[in-house]
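**Q** Input sequences plus hints: build the corresponding full structure.
Take a look at the letters that make up each chain.
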Amino acid sequence: RKEVEQDPGPFNVPEGATVAFNCTYSNSASQSFFWYRQDCRKEPKLLMSVYSSGNEDGRFTAQLNRASQYISLLIRDSKLSDSATYLCVVNKDFNKFYFGSGTKLNVKP
Amino acid sequence: DTGVSQDPRHKITKRGQNVTFRCDPISEHNRLYWYRQTLGQGPEFLTYFQNEAQLEKSRLLSDRFSAERPKGSFSTLEIQRTEQGDSAMYLCASSLVEVGSTDTQYFGPGTRLTVL
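In order, the protein sequence lines correspond to chains A and B.
Each residue of the first sequence is one higher than the last, beginning at 37 in this note's numbering.
Each residue of the second sequence is one higher than the last, beginning at -18 in this note's numbering.
Quick list of in silico lysine-lysine cross-link-like pairs, DSS-like style, CA-CA up to 25 angstroms:
| no. | chain 1 | residue 1 | chain 2 | residue 2 |
| --- | --- | --- | --- | --- |
| 1 | A | 38 | A | 78 |
| 2 | A | 132 | A | 81 |
| 3 | A | 144 | A | 81 |
| 4 | B | 38 | A | 132 |
| 5 | B | 38 | A | 38 |
| 6 | B | -8 | A | 81 |
| 7 | B | 52 | A | 132 |
| 8 | B | 38 | A | 128 |
| 9 | B | -8 | A | 78 |
| 10 | A | 132 | A | 78 |
| 11 | A | 81 | B | 38 |
| 12 | A | 144 | A | 115 |
| 13 | A | 132 | A | 38 |
| 14 | A | 81 | A | 140 |
| 15 | A | 81 | A | 38 |
| 16 | A | 38 | A | 128 |
Cβ-Cβ distance ranges computed for the label pairs, FRET-style:
| no. | chain 1 | residue 1 | chain 2 | residue 2 | range |
| --- | --- | --- | --- | --- | --- |
| 17 | A | 50 | B | -6 | 41 to 47 angstroms |
| 18 | A | 77 | B | 1 | 20 to 26 angstroms |
| 19 | A | 76 | B | 81 | 34 to 40 angstroms |
| 20 | A | 101 | B | 81 | 20 to 26 angstroms |
| 21 | A | 51 | B | 55 | 38 to 44 angstroms |
| 22 | A | 104 | B | 7 | 33 to 39 angstroms |
| 23 | A | 85 | B | 40 | 24 to 30 angstroms |
| 24 | A | 75 | B | 78 | 23 to 29 angstroms |
In case anyone wonders, no lab produced these hints; they're calculated from the structure.
Cβ atoms here follow ideal geometry from the backbone N, Cα and C, with glycine treated the same way.
**A** Okay, here's the thing in structure tokens:
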């Protein structure tokens, strides 16, 4: 079983829509969680860390559910520039980072 | 631009040749990671350094792969006797780990390796 699983998508949404992605992780001892964004043929870029209490950064909201071992990312008012692959990342043992395969988002005009 | 640089950005080589990649992390960062990414997959951990010490290696890192970080600054990743299956993007990331902080990684642009 993979450490981190994501729906590969693609999610095709119109501009202005709200879209949500989930990611599940297998190890309950995981300590920290992140969402990264990756554009085609580019490196991953940190979007946001995910805290137990949930956190928001502008149009982006991340939630963590430790009991069910999933994290989520909500994007409100989608922009064309949000089109990318969103990678869920889970850290355990303070030095091992596990990446999901990514969820592809296409925002259409 | 995160401040992590990698060189070269692209490398095409013939099967059986050796290749070496370089990563320059953000200057004050004490941790440096190497990952490999293939099409449609997320990055896979290869190895990491805390300063100059290589603390962990993935089982993905066969004996043809070796990594160094001699002075705790830049790092090199060498692949000997390359195989077509080594074709991938090789990503370097660095982070500053302090007591009580979260290990947040910043990635370089990657080196895309094609083995013919």
